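> Produce the complete structure using the sequences and hints provided.
Protein chains: 4
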Amino acid sequence: MFFASDNGGPVPQAVLDTLAEANQGHTFSYGADPMMDEVRQRIRDLFEAPDAAVYLVATGTSANALALATLVDPFDTVFCAPVAHIEEDECNAPEFFTGGAKLTLVPGSDRMTPEALTKSIESQGNRGVHGPQRGAVSITQVTEMGNVYTLAELKALCDVAKSYDLPVHLDGARFANAAVALGCTPAEMSWKLGVDVVVFGGTKNGLMGAEAVVFFDPAKAWEFELRRKRAGHLFSKHRYLSAQMAAYLRDDLWISLAKSANAKAARLCDGITRRGDVQILNDVTANMIFFTAPRALHQILQAAGAKYGIMGGPLGEGPSNALLRGRLVCDWSLPDAEIDRFVSLVIDA
Amino acid sequence: MFFASDNGGPVPQAVLDTLAEANQGHTFSYGADPMMDEVRQRIRDLFEAPDAAVYLVATGTSANALALATLVDPFDTVFCAPVAHIEEDECNAPEFFTGGAKLTLVPGSDRMTPEALTKSIESQGNRGVHGPQRGAVSITQVTEMGNVYTLAELKALCDVAKSYDLPVHLDGARFANAAVALGCTPAEMSWKLGVDVVVFGGTKNGLMGAEAVVFFDPAKAWEFELRRKRAGHLFSKHRYLSAQMAAYLRDDLWISLAKSANAKAARLCDGITRRGDVQILNDVTANMIFFTAPRALHQILQAAGAKYGIMGGPLGEGPSNALLRGRLVCDWSLPDAEIDRFVSLVIDA
Amino acid sequence: MFFASDNGGPVPQAVLDTLAEANQGHTFSYGADPMMDEVRQRIRDLFEAPDAAVYLVATGTSANALALATLVDPFDTVFCAPVAHIEEDECNAPEFFTGGAKLTLVPGSDRMTPEALTKSIESQGNRGVHGPQRGAVSITQVTEMGNVYTLAELKALCDVAKSYDLPVHLDGARFANAAVALGCTPAEMSWKLGVDVVVFGGTKNGLMGAEAVVFFDPAKAWEFELRRKRAGHLFSKHRYLSAQMAAYLRDDLWISLAKSANAKAARLCDGITRRGDVQILNDVTANMIFFTAPRALHQILQAAGAKYGIMGGPLGEGPSNALLRGRLVCDWSLPDAEIDRFVSLVIDA
Amino acid sequence: MFFASDNGGPVPQAVLDTLAEANQGHTFSYGADPMMDEVRQRIRDLFEAPDAAVYLVATGTSANALALATLVDPFDTVFCAPVAHIEEDECNAPEFFTGGAKLTLVPGSDRMTPEALTKSIESQGNRGVHGPQRGAVSITQVTEMGNVYTLAELKALCDVAKSYDLPVHLDGARFANAAVALGCTPAEMSWKLGVDVVVFGGTKNGLMGAEAVVFFDPAKAWEFELRRKRAGHLFSKHRYLSAQMAAYLRDDLWISLAKSANAKAARLCDGITRRGDVQILNDVTANMIFFTAPRALHQILQAAGAKYGIMGGPLGEGPSNALLRGRLVCDWSLPDAEIDRFVSLVIDA
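Chains as they are written, first to last, in the numbering used here: chain A, 105 to 453; chain B, 105 to 453; chain C, 105 to 453; chain D, 105 to 453.
FYI, nobody ran anything at the bench for these hints, they're computed from the structure. Certain hints may be false.
Because identical chains cannot be distinguished in the list, a pair is counted as satisfied if it fits within a single copy or across any two copies.
Derived pair list, reagent style DSBU-like, types lysine-lysine, alpha-carbon separation capped at 35 Å [as the list claims (entries may be wrong)]:
id : residue 1 : residue 2
1  : LYS296    : LYS324
2  : LYS324    : LYS259
3  : LYS411    : LYS223
4  : LYS324    : LYS411
5  : LYS259    : LYS296
6  : LYS324    : LYS266
Since this is a predicted model, take the numbers as computed values, not measurements.
Here you go:
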């Protein structure tokens, strides 16, 4: 019953197989391996973007921070949600990689609104040389609270950015889960809306550690390459990144994995909401569930070995009927039996 | 006939097998996987350093740059050889990770001498607040020119560093090749000499991408962890780094691989030196050969498909008897048949 | 009628005289001038801090950013008010000087409350290596909105910081105006409350460009000196900074200047509030006035040549009775006649 | 007898007078003062560069580092002499301001040769993404060893830079001394040769602390302004920088001061070389003298109160006839009587 994160599960056999396939003889390093040619072409096809510059790195933090550093100057600010991964979970990586740019937190929750974004941008461009300059807009899809922006919502945010000539970065650590939830194509969820750079995440969706950074305008491709190398994120034995991503793209594996993860979250959500005092806090269309439940229920679940995050108070102390928040994340590999066991615990408690 | 680098070959089956072994069920992320516990213990045992702080990253550049950033302040300078990887091949990563520290190049060749190191250190500490402060000494073993410092030579450099209270960083991208060449233990080639932080490289010696950074004094361990995360080098699915390093350490695989690579270089060296106009430029005890040969010979070799670096002039133009330098690097997996084919080409040309 | 800033007026004759006094013969540079000895001693006496490390720089931005960079690590965050100068008016200088630390904005207005500060600190320390670490608390006195924290309010904030072992930085660009407003000593408004580093500003209070950075614990003094030099803020002809600050400290000039500036603000405030539709937005005890007035009044004032900032809408367009905010800042040198002329315009409009 | 530096003397009365002139009434801050308009126009006229972007900062280190940061990217390297101020005397300021760019030291002495510069540039551009990229060439005139490049020598260096499309930065901390020594115009010693950015120094030539940074192509002007602000080098009460520079430019004061300083060095040089065992090490056409003399002579001079730098060994210990190097720097204000007294001491010893 591991719902702590979608980075806790194994990778599918196809990934291991493709690693073994890549592991033949000698090849050139640093991205000049033939499997990277395949990956580049597949991603360009997938995104309907024949000129896109495509790069692989091994972590989401580096993918985001390198992309942002390529988009903005050190005297700029990046507009994002207050709960964005780049703000809360990257230990100042964006500030580091950009050479000291700032993040401006758009007031509200995980889903930025065009109005709030506009107001934030307006708040930053009116001090001349004194304040930070407007640099870029960063959107996370699926959001950190498990919600999926609609295409119209994304478009509205991109439109705001474009009206200020700001580039848009899409943190797509869970890109696949969102695309599957929306039933849209990668192009429809990126450049067709105005996204300039997308992080097409693989790690949370079944890879060992591989994220594609896709620049739809290749003008800054060389700068990205230099920044990637300078940050120690250019792999010498690059073929093992390529192989992961190749496996991901072949036979639409990325879609199958995301569908599986989303379906498991739906099954879990359906199950636990049968209990009245469990309240779901997000729109569960992707693979994350945020919910409230009485402390006593959390205690039972955790005691039974369920792994997931609890927020809003200590598990051990306090009134047993006090509501604490929980965060359940499903990866593609979760056995249905474990989901059902968790649900049974909830219902029977 | 791939001698371009030791990052061009495949990984041994044991690595794939251990990845598969690690790929079971759910586990905690970010280094809390059980296989990392195994790795930590094995490295502490291997280095006879029960308190050492042990971390894994995926690239040599990040290992070096993070280690240096943990040792020095932004207003410091790091003393190293002019051909050090941190100077020539990391696109300013040390400057980036340290927040702007400088490298001071110790005059001479790839092997620093205690005299030259002393002189360099002396040249930097005499300007008070105006010049950079003395920060650390960085030594590369095996050197970039394929030479192996003796333990006495390393000790002498460490002694110089210690006499100025400077910490010592050992870039051990080819640590295994050196240890095997010297027939010494890891402890003998590191903290027993005065090394404070060692990069125990795995990538060039048969792993996909895994380097251990070992701090013999754990006082700065937490700072390293924060810097690693901030740089995007903390892997969420850390078990796949652990698995590589576990495979490397089990059954002394790291030694077998290095012995194989070194033996192949010896075989290659023995072969090509049977020809009189091939001159070897380094002490070939590890896995690299630097040599000079007439342009005509290089042309024949390259035309036959041999992959290796050529320096000192263009391959295509110029007198056919002009001497150009070549760089041959052997990895563990090179088929002897290809070595012999290369040698035959040299001898028969 | 120049109320745009307290950096718009001239310096008192005493400053010019002391510059001339310092301008005799040759002296050592970079802070080794005898007048710096005088300044150091005077500041130590003034702050009742015989061990304090005292440094001069020429701008408030550098004073703040260097002080913070000395206090925090690049993976830390600094807690401050959303309108703090370090957030809004330094073009990312804190992020630059700290090597990429973050600012966490404590929700609320210009005066942080202990409750809000506590909540902000709590929100940042619970993600282990993933989030920024708690670095320091930065307090601005006088605030950017012209308010003066009471000593009790400052103490409460310092107590919160201390309860988390966080150092406290006091941005005292208008330190003198606040001390005069509160009728307290420098020591009472700094280390006696728990402040670790204070920027004792001179520029806004009558100097050409000189700020003292005072570390009550000299442990980090040398690091500050190196950071100051590295940032180009160590003056070779340092005596001209010393002279400014010496003039400021002799005969309590700093107090006289602040008293004058505060008195002028009081006179101005008294005058304009005689008109009913002028609303004062801050506690005018120092030298700044924030107010609302109808657009028509602002138009008259500006047309008459008054210089001050207007916020909340365009001056030229919109209903004449719409309320726009204005910001009036008084420096020591403002002629009373101009204040009275401004008041007359307000009253007679 | 103060020959320790040209930053040890007073400023001419004209500077104080112009400060007093600027010290009238209220004016706008941050460079919007009318005297800056005068300065901008005068510098454009002086350099025959009507479109030049002109900025003032207070220190040479900030002028150089900001200029370089505007020219190069963090993954670049700057080519300079091994004794360049930016390498030896700025405590890593260039690395800091550029976000981690590197300096590549062109082998040789203080005067780079076109051949050595070419070789250095060639050594850096051949590693693709792995090595630093070629960023800019930085030339110091007068050099740190007191030599003055001829215009032809400068041109040859600029030509090399241009052949690689590299911008040229001229560190002109002693620009005036060089121009006077060469008898050329500012334009002839800058953009007419290919210099892109010049630091037109005032501090070492009689100002309190003011350097003009002149971009002949204004394309990067706005970036410079942002970097200046972000580094805390934009003065609020900018008029006091403007006033210094205005005084410097009016009535060719900068020329008079440089002529005076150079003449004093010539007088000093003529005097001391009358003694046979004093050996001059540089071409004394500007205001610096490097020489060797027996330890005994240095001891007598220092005992008599002469202030100047001694290099090559301790003053107090060692053979009295051992030759130690000395560095004498003359500023405009040195009394001839003190020069003559020094000379007498040398001759009579």
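> State for each hint whether it applies.
Hints versus structure:
Taking identical chains as interchangeable, the C-alpha atoms of LYS296 and LYS324 lie at most 35 Å apart whether they share a chain (19 Å) or sit on different chains (33 Å). Within a single copy, LYS324 and LYS259 get their C-alpha atoms as close as 23 Å, and across copies as close as 33 Å, so both meet the 35 Å cut-off. Taking the shortest Cα distances, LYS411 and LYS223 sit within 35 Å of each other only across copies (27 Å), while inside one copy they are farther apart (39 Å). With identical chains, the CA atoms of LYS324 and LYS411 are at most 35 Å apart between copies only, with a shortest distance of 31 Å across copies and 42 Å within one.
Within a single copy, LYS259 and LYS296 get their C-alpha atoms as close as 9 Å, which meets the 35 Å cut-off; across copies the closest is 51 Å, which misses it. With identical chains, the CA atoms of LYS324 and LYS266 are at most 35 Å apart both within one copy (18 Å) and between copies (24 Å).
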